[in-house]
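**Student:** Sequence:
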Amino acid sequence: TKEHLAIFEATQELPVHPRGWWSYEIIKDWLSGYKKILLKAPSGTGKSVLEDIMAYLNLTLFDNSFTLIGSISMPIAVQHIDRIRGWVAMSPFRNFIVYDSKEQIKLKNGSRVLAIAQNEKTRGGYHPDLILLDELARIRPSSYYGLFYQMGKTKGATEIGVSTPFLSSGPFLKLWYSGTARNYAVKLEDCWFITPEMIRDAQKDMSPSFFDQVFKAEFVATSNRVIPDEQLLNAITDTRSKYTGETIMGLDFGRKRDHTALVVLNDKGHVVYTEILPLKTTWREQYAIIRDRAKKFNPTTIYADQTSIGDPILEELSDLPIEPVLMSNDKLKKKIIDNLVLCFAYNSIHIPKDEQKLIDQLSAFVYLDDNLSKCGPEGGAHDDLVDALALASLGLERHIDEEENTDSWGAIGGEQSLDVEESPWTIVW
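Residue numbers for the sequence shown follow our numbering, so the first one is 1 and each next one is one higher.
Incorrect hints may appear among the rest.
[What the hints assert, rightly or not] No farther apart than 25 Å at their CA atoms in a straight line, the calculated lysine to any residue pairs in the SDA-like style are these: (1) Lys-242 - Val-78; (2) Lys-35 - Gly-179; (3) Lys-35 - Thr-180; (4) Lys-374 - Lys-242; (5) Lys-36 - Lys-204; (6) Lys-374 - Asn-224; (7) Lys-204 - Pro-352; (8) Lys-242 - Asn-347; (9) Lys-204 - Gly-179; (10) Lys-174 - Gln-231.
[Unchecked claim] Ranges of calculated distance between the beta carbons of each label pair, as one might list FRET restraints: (11) Lys-242 - Gly-179: 31 to 39 Å; (12) Thr-281 - Tyr-99: 52 to 60 Å; (13) Phe-219 - Gln-150: 23 to 31 Å; (14) Asp-369 - Gly-33: 29 to 37 Å; (15) Met-198 - Tyr-34: 27 to 35 Å; (16) Arg-257 - Gln-203: 17 to 25 Å.
For the record, the hints were derived by calculation from the structure and aren't laboratory data. Just so it is clear, CB atoms sit at the ideal spot from N, CA and C, and this is done for glycine as well.
Using the sequences plus the hints, can you model the full thing?
**Tutor:** Right, dumping it as structure tokens:
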């Protein structure tokens with residue numbers, strides 16, 4: 001259409017362009033005056049770039065506009081501003097910047113773009129006319145309804161939320177079926193850039209429900225997860241902990257058809273390292289690998305699963321600080337998993353977002369009976385890393401880590417969150 005061609009021409013100066021038909025439709029709807037727009041799409045479809053393109057257009061083409069980008073963490077919010085700053089620097093508007101910081105840019109035309117993270121400490125007194133919510137399914141309900149929704153309501157802002165479904169999908173799911181938004185759903189077959197090889201590899205590594213969310217962009221309801229969605233979300237951190245202290249190792253042996261897996265935690269509950277050994281690794285090779293990892297991370301204790309008293313595998317590793325743990329039946333395993341559940345409930349476990357295999361296994365770890373007495377992976381997935389994490393967590397004191405806040409909703413490494421700083425200038429509406 002003429003509108004699509006106009007959008008295409010307006011974005012030609014940028015090093016990236018809107019990807020897919022959905023991007024052009026959403027930009028067109030925004031410019032046409034729609035107040036609430038939602039995009040549900042597979043991972044890797046350029047959702048964040050689309051929002052940055054809209055923020056750039058609002059910043060440069062309209063006077064006195066205010067764009068607010070809401071993100072799941074401050075590092076990701078800063079990435080949005082960095083990208084937009086780079087585009088401005090390559091345009092004629094680079095000479096019109098009057099304020100530039102890690103989280104916001106303002107031009108002489110009175111327009112600005114600000115990116116903030118969902119955080120209970122975030123200042124909420126902003127009044128934007130355009131709110132762009134990145135990965136809305138990962139934003140906590142308390143942050144959406146208590147922060148972003150309230151800021152948009154005061155001025156009747158346009159609200160655009162983009163996301164791939166994740167766990168229970170929180171406010172994204174509710175808004176999708178509320179009937180108040182213009183919805184766009186991108187199917188896997190729409191994504192020519194996702195190759196069949198990528199799909200096959202993902203199907204091998206992911207549980208069926210996780211694949212349906214990430215690649216098919218489908219909402220998946222699982223009520224029998226051992227680790228509740230909200231607690232798993234809270235445990236995922238945007239960066240790895242810089243804290244160095246004592247470490248604990250959990251070691252789950254794959255004695256028959258399963259993999260041997262190990263997880264290393266520091267004494268603050270942050271995942272330091274995970275590893276799954278290939279199925280055909282000989283016992284001699286496994287012993288060598290385990291000794292090497294023990295030398296590297298120097299754990300005070302290695303909690304290892306034991307099938308019976310006098311387990312020959314553990315006897316072979318008797319030179320290491322191993323603490324045997326019986327997990328030979330469902331009842332014994334349930335006790336270990338119950339302790340892991342408590343650790344998540346007390347916010348004592350912190351998992352970097354790049355530990356995707358561990359996160360995938362946790363999201364697919366469910367109760368297998370109505371009595372909640374047996375637990376394991378759904379749909380043929382694996383739980384080797386979950387068992388190793390559960391073993392390592394036996395060495396943790398359950399506490400909320402306040403010394404170093406590295407969760408995905410706040411600041412990094414105990415620093416003051418950038419988005420609570422007062423702006424050096426005042427806007428009068």
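**Student:** Assuming the hint says 17 to 25 Å, is it satisfied by the Cβ distance from Arg-257 to Gln-203 or not?
**Tutor:** holds, 19 Å
**Student:** Under the criterion that the straight-line Cα-Cα distance not exceed 25 Å, is the pair Lys-35, Gly-179 satisfied?
**Tutor:** Roughly 13 Å separates the two Cα atoms, so the pair holds.
**Student:** Can you let me know if the beta-carbon spacing of Met-198 and Tyr-34 is within 27 to 35 Å?
**Tutor:** holds, 33 Å
**Student:** Do the alpha carbons of Lys-204 and Gly-179 lie within 25 Å of each other, as the hint requires?
**Tutor:** violated, 36 Å
**Student:** Note whether the CB distance of Thr-281 and Tyr-99 lies within 52 to 60 Å or breaks it.
**Tutor:** Given about 56 Å between the Cβ atoms, the range holds.
**Student:** Taking only the CA atoms, is the gap from Lys-204 to Pro-352 under or equal to 25 Å?
**Tutor:** holds, 22 Å
**Student:** For the pair supplied as a hint, Lys-242 and Asn-347, is the alpha-carbon distance within the 25 Å limit?
**Tutor:** holds, 18 Å
**Student:** Would you mind confirming whether the straight-line C-alpha gap from Lys-35 to Thr-180 stays at or under 25 Å?
**Tutor:** holds, 9 Å
**Student:** Sort out whether Lys-204 lies within 25 Å of Lys-36, counting only the CA atoms.
**Tutor:** Distance ~37 Å between Lys-36 and Lys-204 Cα, so the pair is violated.
**Student:** Between Lys-242 and Gly-179, is the Cβ distance one that fits in 31 to 39 Å?
**Tutor:** 46 Å Cβ-Cβ, so the 31 to 39 Å window is violated.
**Student:** Holds or violated: 23 to 31 Å for the Cβ distance of Phe-219 and Gln-150?
**Tutor:** holds, 25 Å
**Student:** Need the status of pair Lys-242, Val-78: alpha-carbon distance at most 25 Å?
**Tutor:** holds, 20 Å
Violated hints, in rising order: 4, 5, 9, 11 and 14; the structure is consistent with all others.
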